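If you want the building blocks of each chain, they are given just below.
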Amino acid sequence: MAGLEIRNVQKSFGTTPILHGVSIDIQDGEFVILVGPSGCGKSTLLRMIAGLENITAGEIRIGSRVVNAVPPKERDIAMVFQNYALYPHMTVRDNMAFSLKLRKAPKDETATRVNRAAAILGLEKLLDRYPRQLSGGQRQRVAMGRAIVRDPQVFLFDEPLSNLDAKLRVAMRAEIKELHQRLRTTTVYVTHDQIEAMTMADKIVVMHDGNVEQIGAPLELYDRPDNMFVAGFIGSPAMNFLKGQVTGNSFRTDGGLTLPLPTRGARPAEGQRAVYGLRPEHVRLAEGGVPVEVAVVEPTGSETLVLVRPPGEAAGTDLVKDLGRDMACVFRERIAARPGERIAITADPNLVHLFDPESGRRLS
Amino acid sequence: MAETTADHSEGMAYLDTLPRRIVTVYIPLIIILVVLLFPFYWMALTAIKPDEQLIDMDTYNPFWVVSPTLKHISKLLFETQYPVWLWNTMFVSVAATILSLFASVLAAYAIVRIRYKGAALVGGAIFLAYLVPPSILFIPLATIIQAYGLFDSPLALILVYPTILIPFSTWLLMGYFKTIPYELEECALIDGAGRWQILTKIILPLAVPGLISAGIFSLTLCWNEFIYALTFLSSTPNKTVPVAVVSEFVDGDIYRWGSLMAGALVGSLPLVILYSFFVEHYVSAMTGAVKE
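These protein sequence lines map, in sequence, to chains Z and P. The first sequence: position 176 = 767 (this note's numbering), numbered continuously. The second sequence: position 52 = 42 (this note's numbering), numbered continuously.
With the rest of the complex left out, here is chain Z (with noise of 0.2 Å):
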């Protein structure tokens, strides 16, 4: 096992930029995920670590070797594609024993490894199969299996997720951290999908238009984004960006609500403009808090999602300029509110962020 660190890296394809210097330090063991919207350069980064793509410029090292030059097979890392890109025509302990064979390892030991890896993952009886008589979850992991079996010093993953339905993808998610809390392999994952990255990551790497945006653990993420961006691609549903200003000792959003100011860092100036950051689950109901108009209320059983909007406004209007949407809450206990109905709300301080309108970037 080793230790993986990307160093100002770039690519372009012809004269298209895609990653503009991109520096991830990634420690042995740990688990690692990229990502981002489609498009950001996650899956790229992910290509050129495993060697199918050039480098366009900067430095990519496995343990301590540079790695730029070296082509895919001699990396010693292995991957799982997102369409699994099992061989057809060969039964799972042929697909699983292929990279063996090709290094010439023994029989017996390739044997006792591709067992191993099949008693891993619970695919001992379906070793003589072919990847056609498989489920969507079994193919998804004889896919890991051929990883496993190489005993690589990176793992890498490009979305495995995403072609399984939406039960057997939080199993797998289990499945995988499991296998490397177990397994111990540097691996690096990508998705699109942040709930996958906040489940299973030691590390996130958020990557936006071929830029890292931030790198730290889930909840670190979560608690402190660095800036606008993340604060949104993070948390589900997404954290609400209120335009307006500070105002005393509250802030005053431009739809005329007032909301408290974070109590951490430093105070903002008086009359400040900034964009109050606020995740519909730290919103809370209060007697006496800013009254706001219902709009629709979408129970899920554990919890309520309630859309609000400034009493008397028209949907959308001034209260979420930047996303043209009511304001997200959500709620642990049950709201008998209707539709058109007002409640009175407050957000919790310790909990609120202020970003800066310009930049987008965290004040305080």
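Some clues are possibly wrong.
[To be verified] Computed list of lysine-lysine pairs in BS3-like fashion (alpha-carbon distance at most 25 Å, straight line):
1) Lys768/Z with Lys794/Z
2) Lys664/Z with Lys695/Z
3) Lys191/P with Lys692/Z
4) Lys692/Z with Lys664/Z
5) Lys168/P with Lys107/P
6) Lys698/Z with Lys191/P
7) Lys768/Z with Lys758/Z
8) Lys191/P with Lys664/Z
9) Lys664/Z with Lys698/Z
10) Lys716/Z with Lys698/Z
11) Lys107/P with Lys695/Z
12) Lys692/Z with Lys716/Z
13) Lys664/Z with Lys168/P
Hints were generated in silico from the structure; no laboratory data involved. Note that the structure is a prediction, hence the values are computed from the model and not measured.
Could you slot chain P onto chain Z? The hints should help.
For chain P alone, coordinates are given in the frame of chain Z:
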């Protein structure tokens, strides 16, 4: 889903009643069958007709045979050099097919998967080569064959046939290789395979239906080829079946129909047998793709 099913059944609903099926399916099928099979029937019939029934259409029904005979066939096999011709045909066809397939696989793989400058251009040029008719090419080719001293040898045909076979096979295989997911190759690359191993262990096993159809197509084309075989071969023992049958069983203006048709019949049997084995592969290669 329910919607598409409904659409589907509606689309085929006109086949629900027998009279409609007869008009829309069976009658056209029968017409096609008759048109396609009649020459074969005529050939087989003529091959077993005794001499006196061959051209006497007044006494005998031309569409039937009374007291069939194997005389033509036995004469063909034991009194002429037909077995040698058949062997020549087989040898030339198989050798040319193998040569063409080998070259086509390499060409098609390189054009489809190795991203080099002008790959598309080369693909187009190969297709253009396919469009040049043999009747234009045979004179220049004859000069070349003469220059290399290959005239009247099977090698002449083995080397010339690929000029028609490679373009077509390359195009067929290019289409086939394109359907094989690129990830499979990348995965093999990470697994430690080189280009050659990827080609032999991943691509070719998956392209077997494509190889079979390219092979059958090439073999058929060589087997039936006439112009080049007529031009480049002169001595009787070197001839292939299509040329030999026409040149050896026609004396001036006398057509020995019985021997001619027997030669044609026996000559086409190997292909018929081959097709019957591989017809499913052939069809699937023309329509299908690799399914994981």
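Hint check results:
1. Annotation: proposed proximity of Lys768/Z to Lys794/Z holds, straight-line Cα distance about 13 Å (limit 25 Å).
2. Note on Lys664/Z and Lys695/Z: the hinted pairing holds, with a Cα-Cα distance of about 14 Å set against a maximum of 25 Å.
3. Of the supplied pair hints, the one linking Lys191/P and Lys692/Z holds, its CA atoms being roughly 11 Å apart against a limit of 25 Å.
4. Taking the CA atoms of Lys692/Z and Lys664/Z, the gap is near 13 Å; set against the 25 Å cutoff, the hint holds.
5. Between Lys168/P and Lys107/P the CA atoms are separated by roughly 18 Å; this keeps the pair inside 25 Å, and the hint holds.
6. A threshold of 25 Å between alpha carbons decides the hint, and for Lys698/Z with Lys191/P the separation of about 18 Å falls inside it, so the pair holds.
7. A C-alpha spacing of about 16 Å is found between Lys768/Z and Lys758/Z, which places the hinted pair at or below 25 Å, so the restraint holds.
8. Of the supplied pair hints, the one linking Lys191/P and Lys664/Z holds, its CA atoms being roughly 16 Å apart against a limit of 25 Å.
9. As the CA atoms of Lys664/Z and Lys698/Z are separated by approximately 20 Å, the hinted pair is consistent with the 25 Å bound.
10. The straight-line distance between the Cα atoms of Lys716/Z and Lys698/Z is roughly 20 Å, inside the 25 Å bound, and the hint therefore holds.
11. Simply put, Lys107/P and Lys695/Z have alpha-carbon atoms about 35 Å apart, too far for the 25 Å limit, and the pair is violated.
12. Between the alpha carbons of Lys692/Z and Lys716/Z the distance comes to roughly 22 Å, so the proposed pair stays at or under 25 Å and holds.
13. As the CA atoms of Lys664/Z and Lys168/P are separated by approximately 24 Å, the hinted pair is consistent with the 25 Å bound.
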